[in-house]
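Q: This is what each chain is made of:
Number of protein chains: 2
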Amino acid sequence: MTTGRDSVGQRSETVRRANLSAILRELHTSGSLSRSELVARTGLTRSAIRGLIGELVAADLVSEERAEPLGTPGRPSPLVHTNPEQAVVLALEIAVDSLAAAEVGLGGRVLDQMRVDRPRRDLAAGEIVADLVHLAAGLRRDHPTGEGLLGVGVAVVGVVRRSDGFVSTAPNLGWRDVPLGDRLRAGLGSAGPIAVANEADLGALAEVRRGAARGADDVLFVSGEVGVGGGIIVDGKPMTGAAGYGGEVGHIAVNPAGRPCRCGSTGCWETEVGEGALLLRAGRPVDGGRVEVNALLRDAAAGSRSALDAMHEVGRWLGIGLASLVNVLNPRVIVLGGLFGRIYPLVRETIEEELGRRALPAPGELVRIAPATLGLDAPLLGAAELAFEPLLADPSRWLPPHGMLALASA
Amino acid sequence: MTTGRDSVGQRSETVRRANLSAILRELHTSGSLSRSELVARTGLTRSAIRGLIGELVAADLVSEERAEPLGTPGRPSPLVHTNPEQAVVLALEIAVDSLAAAEVGLGGRVLDQMRVDRPRRDLAAGEIVADLVHLAAGLRRDHPTGEGLLGVGVAVVGVVRRSDGFVSTAPNLGWRDVPLGDRLRAGLGSAGPIAVANEADLGALAEVRRGAARGADDVLFVSGEVGVGGGIIVDGKPMTGAAGYGGEVGHIAVNPAGRPCRCGSTGCWETEVGEGALLLRAGRPVDGGRVEVNALLRDAAAGSRSALDAMHEVGRWLGIGLASLVNVLNPRVIVLGGLFGRIYPLVRETIEEELGRRALPAPGELVRIAPATLGLDAPLLGAAELAFEPLLADPSRWLPPHGMLALASA
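First to last, the protein sequences are chains A and B. At position 234 of the first sequence the residue is numbered 1186 (this note's numbering), and the sequence of numbers has no breaks. At position 143 of the second sequence the residue is numbered 1095 (this note's numbering), and the sequence of numbers has no breaks.
Treat the hints as calculated values from the structure; they're not laboratory data. Certain hints may be false.
Claimed, not checked - Covered stretches of chain A, going by a simulated chain B footprint (3 or more residues, C-beta under 8 Å):
| no. | stretch |
| --- | --- |
| 1 | 1191-1200 |
| 2 | 1209-1217 |
| 3 | 1280-1288 |
Stated by the list, open to error - Listed next, the in silico SDA-like pairs over lysine to any residue satisfying Cα-Cα at most 20 Å (straight line):
| no. | chain 1 | residue 1 | chain 2 | residue 2 |
| --- | --- | --- | --- | --- |
| 4 | A | K1189 | A | E1341 |
| 5 | B | K1189 | A | D1187 |
| 6 | A | K1189 | A | A970 |
| 7 | B | K1189 | A | D1169 |
| 8 | A | K1189 | B | D1116 |
Quick caveat: nothing in here was measured; it's all calculated off a predicted structure. Built from N, CA and C at the ideal position, the CB exists for glycine as well.
Taking the hints into account, I'd like the entire structure generated from these sequences.
A: Structure below.
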């Protein structure tokens, strides 16, 4: 049997890690599951589940409760749940008009959260980072668990290199070549590893794990703000492209003879459906921001013809761009976030009409459109997911050495 | 140690399969490798490699040769190569103006190949399938190994549901709802499992495995013919979307006020850069096909102003669409196939200028454009890769039972 052992033996630790990861991912997404549900979802045997749960319990990452007898025959399956306070990440977000910070525990529980408006849009990168560090420090002062943070996830409205959190461009912040990862590392001190990603990519991740696209494997998240952000999930995983720059759907050229875009091109999707385009079409100040958008939405709800016309024109261009993306990506679900989620109930038919005309029949009939359910906080929650990723991918690094535990529990 | 074994034992067969798969994939892509190279590429130990190669040799899928001493110290590492004649697939292609069939052996060696023109474009699906079956039968009569075919891969210029090879639409064949997989199964008889996919998706796969994008993980393949096909590789794997319909880049809306497209929409990319658009711009018959395109290319090479102008206009729209896709997908390599590969040397600067203006700087600077190197046959070679996939994903199903072999070789 030498052949057999040789081809397997040195890899058994890999298998244990993969199984621990599968279990912890299920628990993290669901919060709590019975052992029987874990058997069903992971395909592992009952005894394997028992052993692996034992390891996670010993590390205090999860707890087991004896379930109440259900009146059904047989022993009730113990309920396993994550211990949110025992594995906490710091999530940060730099949006166009606000900064946010949250402490999130394993299982996705938000332990504390703060968001502050950023009324001035002309602040330099250094000032924004300082404000964000200040916000995070306030949060951590209230919650001393912040000392033992697992890591930090950061959502930023810009084009991010995943490897080191370098922001090559963030037109809506006025940034170019900002080493955001390095600056936050310097500012935050010993808060664990820092991972930075584009806010729409993280919004997509959050909506897939905990929101409107829960359970879907192929998802397009499109969020309208000043700019238009996109996040793409392929086969259950974020599609980041070769260097993490993927998903910039706001800059597909839908009208090459159209208006100039702040990216330097002309006729980008964002120039037809972004917040500014909506306000322009409604005859309101283009830079009016959330206040003007809210007023416009109120007018539309009250039946104002000009407000509704402006929205339908945005809806039409929204449908045009979505059709292109449906043809390229064949998503199961499109999640509309931000502005798009808010106007969706009013312009649903316009969007669907354009989609019906322009999407190829097969992918067009398959796709479902849903407004985002996590609201403004989707990118922040996605940033937390990003920070949990190392633990979820390989929980064994947070556990006591395997042999020790096996002996101890024998 | 019960805990440890329980969490691992029942999964060891999975690990063995994964390791066999990794080795056979490397050999299939490279043709031949030394044991040392296999160690380096797979991360497996020398003794694991030896055992697994032994299994593949026993199944006659690969052979080992003692390498010539190189004059370097130590024993030379034996060279392992695939046995192309021992695992053969049938690859078929339905292109707009031709049909093709090939027998391809493990390692990617083309054992035999035929392509016939399809001058009449108005044939019904049944007639095309009959012609293709006839072509395949001719090939297999010459090569009786066809009896033991591993499977059949089919490339078709249409929108394909991967699960059963159902073609929902193929505008350039005039098809709607054709159960191509079922029809070929009926026509080919006992030729093994049949997998059908879009021809550009398969062209992309072939260019990544054996052509212009070899070694790249994030690739966009765009091929110009009558229509425009696209294939997307994300993280080394074909991105097919939720049902296999992804990659239809010819139908992104680049000019919503433009010309009608045969898909029913208006201003699709295909209406600006397809073969018909090029001929139209050059004042030649739009349905002139390859003959007219060849004449146009000759004129352009001879310096004809009007021919070059037509090409530059196509190049400009090519750049516009590519920029959109670069922003969405962040590919490392764009492979231009078909018409686009042919005109690339003439319009390279025009494409790059438009890309420079419209792609975001970070993904724009990262991407490399390369003409396809596998030419007309890329989709056919990709169809072979598709048919090899079950063997490559799990070679153990083609091997003698594990325990038997281990005892025999002990």
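Q: All the hints need checking, so say for each whether the structure fits it.
A: Evaluation of the provided hints:
1. Counting residues of the stretch 1191-1200 of chain A whose CB lies closer than 8 Å to any CB of chain B gives 10, which reaches the minimum of 3, so the coverage claim holds.
2. Counting residues of the stretch 1209-1217 of chain A whose CB falls under 8 Å from any CB of chain B gives 3; the rule of at least 3 is met.
3. Chain B is given as covering the stretch 1280-1288 of chain A, and this holds because 5 residues of the stretch bring a CB closer than 8 Å to a CB of that chain, at least three being needed.
4. For the given pair, K1189(A) sits about 12 Å from E1341(A) by alpha-carbon distance, which is consistent with the 20 Å threshold.
5. Among the hinted pairs, K1189(B) with D1187(A) is consistent with the structure: their alpha-carbon atoms are about 10 Å apart, no more than 20 Å.
6. For a cut-off of 20 Å, the pair hint linking K1189(A) to A970(A) stands: about 16 Å separates their Cα positions.
7. Distance hint between K1189(B) and D1169(A) is fulfilled; the C-alpha atoms sit about 15 Å from each other, no more than 20 Å.
8. Distance hint between K1189(A) and D1116(B) is unfulfilled; the C-alpha atoms sit about 25 Å from each other, more than 20 Å.
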